[in-house]
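Number of protein chains: 2
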Amino acid sequence: MKAEIIPVGTEILLGNIVDTNSCFLANQLPLLGIDLYFISTVGDNEKRLVDTLKRAWRRADLIITTGGLGPTEDDITREAIGKLVGEELKVDDKLWQELKDWLRRYPGKMPQSNMKQATIIPSARVIPNRMGTAPGWWVEKDNHIIIALPGPHDEMKLMWQEGVLPKLEQKVTGEVILSRVIKTFRLAEAKVEELVAHLSKLSNPTLATYINPDGVYLRITAKAKNKTEAQRLISQSEEQIQTILCPYIWGVDDDTLDSVVGKLLRARNLSLATMESCTEGLLCSTIASGPESHTYFKGGLLACCNEAKTAYGVETSIMERYGNENTQVAKAMAETARRKLKTDIGLSVGGNLNPDKNSGDAFVGLSSDKFEQTFTHILRGNRSRMKQRAVFAALFDLRNMLLEEV
Amino acid sequence: MKAEIIPVGTEILLGNIVDTNSCFLANQLPLLGIDLYFISTVGDNEKRLVDTLKRAWRRADLIITTGGLGPTEDDITREAIGKLVGEELKVDDKLWQELKDWLRRYPGKMPQSNMKQATIIPSARVIPNRMGTAPGWWVEKDNHIIIALPGPHDEMKLMWQEGVLPKLEQKVTGEVILSRVIKTFRLAEAKVEELVAHLSKLSNPTLATYINPDGVYLRITAKAKNKTEAQRLISQSEEQIQTILCPYIWGVDDDTLDSVVGKLLRARNLSLATMESCTEGLLCSTIASGPESHTYFKGGLLACCNEAKTAYGVETSIMERYGNENTQVAKAMAETARRKLKTDIGLSVGGNLNPDKNSGDAFVGLSSDKFEQTFTHILRGNRSRMKQRAVFAALFDLRNMLLEEV
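Quick mapping for you: the protein sequence lines, in order, are chains A and B. Note that the first sequence covers residues 0 to 405 in numbering that gives the first Met the number 0. Note that the second sequence covers residues 0 to 405 in numbering that gives the first Met the number 0.
Keep in mind the hints are simulated off the structure, nothing from the lab. Errors might be hidden in some of the hints.
A pair counts as met if it fits within one copy or between any two copies, since identical chains are not told apart.
Stated by the list, open to error - In silico DMTMM-like links for lysine to aspartate or glutamate, alpha-carbon gap of 20 Å or less:
#: 1; residue 1: LYS99; residue 2: GLU188
#: 2; residue 1: LYS339; residue 2: GLU314
#: 3; residue 1: LYS200; residue 2: ASP50
#: 4; residue 1: LYS262; residue 2: ASP91
#: 5; residue 1: LYS341; residue 2: ASP73
#: 6; residue 1: LYS369; residue 2: GLU45
#: 7; residue 1: LYS369; residue 2: GLU192
#: 8; residue 1: LYS99; residue 2: GLU291
#: 9; residue 1: LYS82; residue 2: GLU192
#: 10; residue 1: LYS1; residue 2: ASP50
#: 11; residue 1: LYS341; residue 2: GLU314
#: 12; residue 1: LYS356; residue 2: GLU168
#: 13; residue 1: LYS339; residue 2: GLU306
#: 14; residue 1: LYS190; residue 2: GLU72
#: 15; residue 1: LYS99; residue 2: GLU193
#: 16; residue 1: LYS99; residue 2: GLU306
#: 17; residue 1: LYS200; residue 2: GLU45
#: 18; residue 1: LYS356; residue 2: ASP100
#: 19; residue 1: LYS89; residue 2: GLU371
#: 20; residue 1: LYS226; residue 2: ASP91
#: 21; residue 1: LYS53; residue 2: ASP34
#: 22; residue 1: LYS99; residue 2: GLU86
#: 23; residue 1: LYS82; residue 2: ASP60
#: 24; residue 1: LYS1; residue 2: ASP100
#: 25; residue 1: LYS46; residue 2: GLU10
#: 26; residue 1: LYS53; residue 2: GLU78
Given these sequences and hints, build the entire structure.
This is the structure in structure tokens:
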């Protein structure tokens, strides 16, 4: 089954809101084995919406609209669907009564314009809206399904989950599509692509690579008759990727580098403290944001200048001897953080960022009572990109250390 | 001039990423008087992309694509544009050399696939990419402009601002739409709306209010033949709003609370240090992100537990006497940060967050050698929203203090 999503609303075309509905729906469809080929966003203009609906009718079996179900004049989704299927809108008495009961709970006179929201065409069934006044539509005609959902994200989501998903699951008996994301760090995208080139050529499962601040991701997508078979196809590719890219893979699916590090620290019952300079607080705030971080993270020190490093306990002589930012200073910062906060491990990041040249170096320090290590990373991009990258590099180094040394 | 945006990428159609590029671009176009009627999202499929480009060619003068400019096989935007305008892609030697120089910085062999990114068609001019390997294209042919931008948001944005906007501004004439955003803190949205109700009724300029983590914003939007006239319309409304909401207004347009505080500190030649607990590093990372923060911000201490507070120099007796988080502890934290880092001002945030109940309290402490102040703020929302709100409250308090006391 092929689907097309049609987000309706001039507020999207003016950039007043980000369309998060499409992302949510796009995530849902593969689980039902439905292919999504197009998202066609259009404004509150009836002619353009009808044209867009007609095109979707030709190239998709399932059309999902979001938005344009409100009570005002520029809400035109119902009218446009009526024109698409050649049916007239009429007020549904039962629906109108329900709407009036709902609106009675709110202050002010019952606005007559709300009657619009009680109109319906013969092919449509109402999808109830528990959160608002805009009921959805489920239209079935000539082997097509049209689902009209409201624009506000929470209303749309609830209606999808309660009123659409169970019905749609019954309808579709086709293939299931499953995805698995494998996350790597350190290798460039083209290099990753080169190493897994033989897998990229397969048509099922497919393999796609894409860049994120925390590394290059690989997405395996498999199509099959059922979940078990799709899972089996994914596992085959995943095993091969694990073998090829093993030292660079740090997580899958929803894993984040800080959650991976957090799990390792908790499993080993180790505590952590940090000191940072060029990352400007991003290291400690990233680690502290982890859901269980209070069980392993005691605190972080941000030094915006050498005096601050000294105030925290780093010996002035180290900066005098080696310079402001380098592996020696990073080592001292990690050790100072660990001693100051009496933790098992100290982690530090320092570095030199040249945002004018979009380049920089980061120095990561790791310290425990058994060992100390430092790493150097080359950074690229604007200031915020480089800071992010330095934090992820530090977490990646800490992860490796926890796996190897502890 | 009519525009159509074509976001390219199967990762959007699978719901793996939210398309924020379109929202950014949609926001930019009205300022140039360009109408956006359609956003047509399509996957990494050449036939479907060419079809979508052809339709856009028929109904728009300006086509902007985002994504599909990477080095891998599923990056097909260049090829599709070539097919649209009937031109062949050839490797540009200069571009290829630049790419090779860039990639030499990364480990591993130079992957031949990157050569793709150095190809070009005769009608295209290269838009340089300072942040990545994917150069953009500016294509002009038969009264159409096609602009191909990369998918990663930061790269796309920088390329738009530096390589596209100045050129596009020259090309387009027509009506100008200007906006001005006025930023307030502390008042609820409904209260703001009530106070400016008479201005909301105007049709030009229009006035809209919306909520942000750093307060309620008011956006004035004016349409006119030229910039001067649009500017005049905006100024009229802005003066009235300034009069009505004065004590709550802290900035306009691109102002952020940290940049406003930064300017005040620099103007008064004062230095700042912070200590925080419940905000988990967000306070220091927000302040340190300011472009000139190194001139006034010396450092920040994050305490994830009472031992950390004590390690930093807060007297244990204060927590024993008053409890872990309260105004007394906030006062001691601000003072300790100031003394430790030898700054003019110490700022602290502590608090109790109850994410299960979506509520909490934040305690802000301010300390200098002349005065000390504390503030209590009630917080609402999920954990990350409450943390953000506490940081903005602290910055708003610091701003007021800098205006009043120093």
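task = Go through the numbered hints given earlier and state which of them the structure violates, listing their numbers in rising order.
result = Failing hints, ascending: 3, 4, 5, 6, 7, 8, 9, 12, 16, 19, 20, 22, 24.
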